[in-house]
Amino acid sequence: MSEKVEYGTAGRVTATRAARRAIAALCAAQGGPVMFVQSGGCCDGSDPMCFPGGEFVLGDGDMLVGVVDGCTFHMDAEQYEALGRPFYLLDVEEGTPGGFSLAAGDGLHFVTRVEPPRNKTS
Amino acid sequence: MKYEPPGRPGSPVDVAPRYENFIGGKWQAPSTGQYSVNLCPATAKPVCEVPKSGAEDIELALDAAHAAKDAWGEASTAQRAAVLNKVADAIDAHREELAVAESWDNGKPVRETLAADIPLAADHFRYFASAIRAEESEITEIEKDLIAYHFHEPLGVVGQIIPFNFPLLMAAWKLAPALAAGNSSVLKPASPTPWSILKLMEAVGDILPPGAVNVVNGPGAEIGKALATNKRIAKVAFTGETTTGRLIMQYASQNIIPVTLELGGKSPNIFFNDVAAKDDDFLNKAVEGLVLYAFNKGEVCTCPSRALIQEDIYEEFMGRCLDRIRAIKQGDPLDTATMIGPQVSKQQIEKIASYVEIGLKEGAELLAGGHRPAVGGEFADGYFYEPTVLKGHNKMRVFQEEIFGPVLAVTTFKDEAEALEIANDTLYGLGAGVWSRDGALAYRMGRAIKAGRVWTNCYHQYPAGAAFGGYKVSGIGRETHKMMLEHYSQTKNLLVSYGTKPLGLF
Numbered sequence: 001m002s003e004k005v006e007y008g009t010a011g012r013v014t015a016t017r018a019a020r021r022a023i024a025a026l027c028a029a030q031g032g033p034v035m036f037v038q039s040g041g042c043c044d045g046s047d048p049m050c051f052p053g054g055e056f057v058l059g060d061g062d063m064l065v066g067v068v069d070g071c072t073f074h075m076d077a078e079q080y081e082a083l084g085r086p087f088y089l090l091d092v093e094e095g096t097p098g099g100f101s102l103a104a105g106d107g108l109h110f111v112t113r114v115e116p117p118r119n120k121t122s
Numbered sequence: 001m002k003y004e005p006p007g008r009p010g011s012p013v014d015v016a017p018r019y020e021n022f023i024g025g026k027w028q029a030p031s032t033g034q035y036s037v038n039l040c041p042a043t044a045k046p047v048c049e050v051p052k053s054g055a056e057d058i059e060l061a062l063d064a065a066h067a068a069k070d071a072w073g074e075a076s077t078a079q080r081a082a083v084l085n086k087v088a089d090a091i092d093a094h095r096e097e098l099a100v101a102e103s104w105d106n107g108k109p110v111r112e113t114l115a116a117d118i119p120l121a122a123d124h125f126r127y128f129a130s131a132i133r134a135e136e137s138e139i140t141e142i143e144k145d146l147i148a149y150h151f152h153e154p155l156g157v158v159g160q161i162i163p164f165n166f167p168l169l170m171a172a173w174k175l176a177p178a179l180a181a182g183n184s185s186v187l188k189p190a191s192p193t194p195w196s197i198l199k200l201m202e203a204v205g206d207i208l209p210p211g212a213v214n215v216v217n218g219p220g221a222e223i224g225k226a227l228a229t230n231k232r233i234a235k236v237a238f239t240g241e242t243t244t245g246r247l248i249m250q251y252a253s254q255n256i257i258p259v260t261l262e263l264g265g266k267s268p269n270i271f272f273n274d275v276a277a278k279d280d281d282f283l284n285k286a287v288e289g290l291v292l293y294a295f296n297k298g299e300v301c302t303c304p305s306r307a308l309i310q311e312d313i314y315e316e317f318m319g320r321c322l323d324r325i326r327a328i329k330q331g332d333p334l335d336t337a338t339m340i341g342p343q344v345s346k347q348q349i350e351k352i353a354s355y356v357e358i359g360l361k362e363g364a365e366l367l368a369g370g371h372r373p374a375v376g377g378e379f380a381d382g383y384f385y386e387p388t389v390l391k392g393h394n395k396m397r398v399f400q401e402e403i404f405g406p407v408l409a410v411t412t413f414k415d416e417a418e419a420l421e422i423a424n425d426t427l428y429g430l431g432a433g434v435w436s437r438d439g440a441l442a443y444r445m446g447r448a449i450k451a452g453r454v455w456t457n458c459y460h461q462y463p464a465g466a467a468f469g470g471y472k473v474s475g476i477g478r479e480t481h482k483m484m485l486e487h488y489s490q491t492k493n494l495l496v497s498y499g500t501k502p503l504g505l506f
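Protein sequence lines correspond, in order, to chains A and G.
Just so you know, we're using UniProt numbering here: the first sequence kicks off at 1 and counts up by one.
Just so you know, we're using UniProt numbering here: the second sequence kicks off at 1 and counts up by one.
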């Protein structure tokens, strides 16, 4: 589940084929795009939470990290800075989604893997 | 000694193949007709099936809670306290059973559940039984013949969503104050740990008035959302990560109801050089204080996951700590000699492994652990990860993000000012530890660290009576203290005039 696909993505997030298949299935089921919010802290802290598009109300302190197949990926800007402006690879793994996140299919959840920075300017 | 796993001959715990939701004092099958398999983290084998409930089950639980709330809210504080004390007695009477069930459901070693989780849960009910008896309403004489009465009234029905790391203790932290204040509750356990709470309800369910406590298991996206968005709850309490915390506040804002949130941390544990001034019990205690990062396999919101050691004692002090870390016994959580059990789920070990990899890529030095251990026999597939130590600096990701595993990030500091700067250089502010023989220094640090709980010359103690909660993004509200009663109460003011003269305005 970890072949990397950069096609169809923008910004600092890419997605594996498995993640893109899960996103396509969710979008079809929801009748529109989903959104991702990278969480922090406690039990499911490092999970990317997946919600129906627009479910999570974004504020001025949130940033758009990237777009995957028309689905936006956000995180708190201070968290983004504290974590050294990471690049994320969205993937799918077995397991229960954290919090109120949508599953990435039966028995699956989304995960983010961190890619090393592409340059040293950050 | 070793306890037999639940369900086997000689075990203190029985296991049914399938459990239901606990609603209105009865066991009710989920409206969905669906169940999910609950795995034991030590073996990766099924323990039992639990409901995969839907939004309709939340409505049923809310019906039961609303049916119960008036009688429970109007019960005298003596009656409510008596019920809470009976719950505590029942927890004590089932101590071994609940400790073993908790250990098997979550993976935490039974030595911890026997000594901490279960006794603390019982004590929590006793504390709030006492607190509600001692609570008084206030009366103010605003002026002669004008009196303000302030009564505490229950909120009604509250929604409570708890995490996987201390399933029973977090249930106690949430339920005891809510019930003491006269509320009824709909509680959603965390998906990885749905079962031990059902064993708790088997033990205490008959003591509680039907509907006062309702437990519904299922996916957060379905039932967590159905509960948090529901117009029939008067308050929501949540422990977990920041995104869900924000979402819960967002839903609460739509219903204009209060929230309490406890959202994690990246707690600094600071060791000043005078801890090593003598080779005595205190130094030994401080070494243990550092190693407490492995308590509950690091799955603690207040895990002291950043150790800050004054540079002139680093080699000696860390050497002692590493000796202690290497002596940590890992394996069967039901063996009372075991100090660290498996992580709660497969995804947790994968997350931990990825963080260790990130840390090493960032240039951190691996001082201990860093691998999945070979734990043989029936635990070969369990979710074990070695107690790990990474040395680096505070700007590294492993110092900034909560890993929720037995991974310590250690660094050094020159002086008090630098220790404080590093300690506060985090988004979180839940816990902190300060270790020094100099009381004035420890006090200054404790007051200057932006965290809700600063353990001073101790760590990981959670007595009822000491307020617990976060600064910064670590949350809103305080638990484990009688002030929690305010979070579960309305204030009713009667402003009463005993005078007879009109105002004279009209």
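These are computed hints drawn from the structure, not numbers from a lab.
You may find that some hints are simply not true.
[Claimed, not checked] Chain G regions said to be covered by chain A (calculated; three or more residues, Cβ under 8 angstroms):
#1 216–223
#2 233–242
[As the list claims (entries may be wrong)] Below, in silico cross-link-like pairs of lysine to aspartate or glutamate (EDC-like), each with a Cα-Cα straight-line distance of 20 angstroms or less:
#3 45(G) with 106(A)
#4 52(G) with 106(A)
#5 414(G) with 312(G)
#6 329(G) with 362(G)
#7 482(G) with 143(G)
#8 26(G) with 56(G)
#9 346(G) with 378(G)
#10 361(G) with 81(A)
#11 472(G) with 55(A)
#12 45(G) with 350(G)
#13 472(G) with 115(A)
#14 26(G) with 63(G)
#15 395(G) with 106(A)
#16 231(G) with 106(A)
#17 346(G) with 94(A)
#18 52(G) with 94(A)
#19 86(G) with 202(G)
#20 395(G) with 378(G)
#21 472(G) with 60(A)
#22 501(G) with 143(G)
#23 450(G) with 106(A)
#24 361(G) with 115(A)
#25 285(G) with 438(G)
Glycine included, each C-beta is placed from N, C-alpha and C at the ideal position.
Hint numbers not upheld by this structure, sorted from lowest to highest
Failing hints, ascending: 6, 7, 11, 13, 15, 16, 20 and 23.
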